[in-house]
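Colleague: Spelled out, the chains give:
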Amino acid sequence: DAKTTQPTSMDCAEGRAANLPCNHSTISGNEYVYWYRQIHSQGPQYIIHGLKNNETNEMASLIITEDRKSSTLILPHATLRDTAVYYCIGPPSGSARQLTFGSGTQLTVLP
Amino acid sequence: KAGVTQTPRYLIKTRGQQVTLSCSPISGHRSVSWYQQTPGQGLQFLFEYFSETQRNKGNFPGRFSGRQFSNSRSEMNVSTLELGDSALYLCASSLDLSYNSPLHFGNGTRLTVT
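Residue numbers (my numbering), protein chains in the order written: chain A, 1 to 111; chain B, 1001 to 1114.
Simulated from the structure, these hints should not be mistaken for lab results.
On a predicted model such as this, the values are computed, not experimentally measured, just so you know.
Just so you know, not all the hints are guaranteed correct.
Claimed, not checked - If the Cβ cut is set under 8 Å, some of the chain A residues that face chain B in the computed set are:
| # | residue |
| --- | --- |
| 1 | P44 |
| 2 | Q45 |
| 3 | H49 |
To be verified - Computed Cβ-Cβ distance ranges for the label pairs, DEER-style:
| # | chain 1 | residue 1 | chain 2 | residue 2 | range |
| --- | --- | --- | --- | --- | --- |
| 4 | B | G1062 | A | Q42 | 25 to 31 Å |
| 5 | A | R81 | B | N1077 | 30 to 36 Å |
| 6 | B | T1053 | A | S41 | 31 to 37 Å |
| 7 | A | I39 | B | S1022 | 19 to 25 Å |
For each residue, glycine too, the CB sits at the ideal point set by N, CA and C.
Taking the hints into account, I'd like the entire structure generated from these sequences.
Modeller: Okay, here's the thing in structure tokens:
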């Protein structure tokens, strides 16, 4: 499995952009980087994924470095509802697409 | 578009009983996966189905089983429940089996075994 490293926790002021970094130095050239988040007692929520190019959807933007060893998830205007644990994960293992979540980053959006 | 629906949301069972959990995937999604999530073990893969066929199975005992129907809906069954089976059981659906096809999770069934 591609190993990812994320900060344990981050704070962000409401209305400001939240930038969550992730290192995935062992990821291979054809492996996607996925971001999920989980709010306590709810199921994980898919946010965005990418391979090489930067990606944007209605929830967030994903910036992947040219060497693909790291990425940054950007929530452009964080709200209190964005408080959650954010997981950056490499590709699912083997052929089973078995997701494995690491410790993730606890993002706290402050009013 | 409706998300992944899991029923029931909460279940309380006693040791030795069996339980069936249900999952309705997002419309058009043909792959369904099941995961167990506990504070101690984190997210653990149970099995994955595609077109009514089990494609892969995680490292769980045979008491855990599942199936997928022709409409892609899925059920998982746990027989002879043990206290350690208490967990949040999550179902996730995806369009297909490609790595470019994200998994979308339901909010889970919280199973408590007493």
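Colleague: Grab the minimum C-beta distance from A:P44 to chain B and call the hint holds if it beats 8 Å, violated otherwise.
Modeller: 5 Å, holds
Colleague: Is the gap between the beta carbons of A:I39 and B:S1022 within 19 to 25 Å?
Modeller: Given about 23 Å between the Cβ atoms, the range holds.
Colleague: Is the hinted range of 30 to 36 Å satisfied by the C-beta distance from A:R81 to B:N1077?
Modeller: For A:R81 and B:N1077 the Cβ distance comes to about 35 Å; the hint holds.
Colleague: Close enough to count: is the Cβ of A:Q45 nearer than 8 Å to one in chain B?
Modeller: Hint holds; A:Q45 Cβ to chain B Cβ min 7 Å, cut 8 Å.
Colleague: Min Cβ distance, A:H49 to chain B: is it shorter than 8 Å?
Modeller: 6 Å, holds
Colleague: So does B:T1053 sit 31 to 37 Å from A:S41, Cβ to Cβ?
Modeller: 32 Å, holds
Colleague: Could one say that the CB atoms of B:G1062 and A:Q42 fall in the range 25 to 31 Å?
Modeller: Since B:G1062 and A:Q42 have Cβ atoms about 30 Å apart, the given range 25 to 31 Å holds.
The structure fails none of the hints (numbered hints given earlier).
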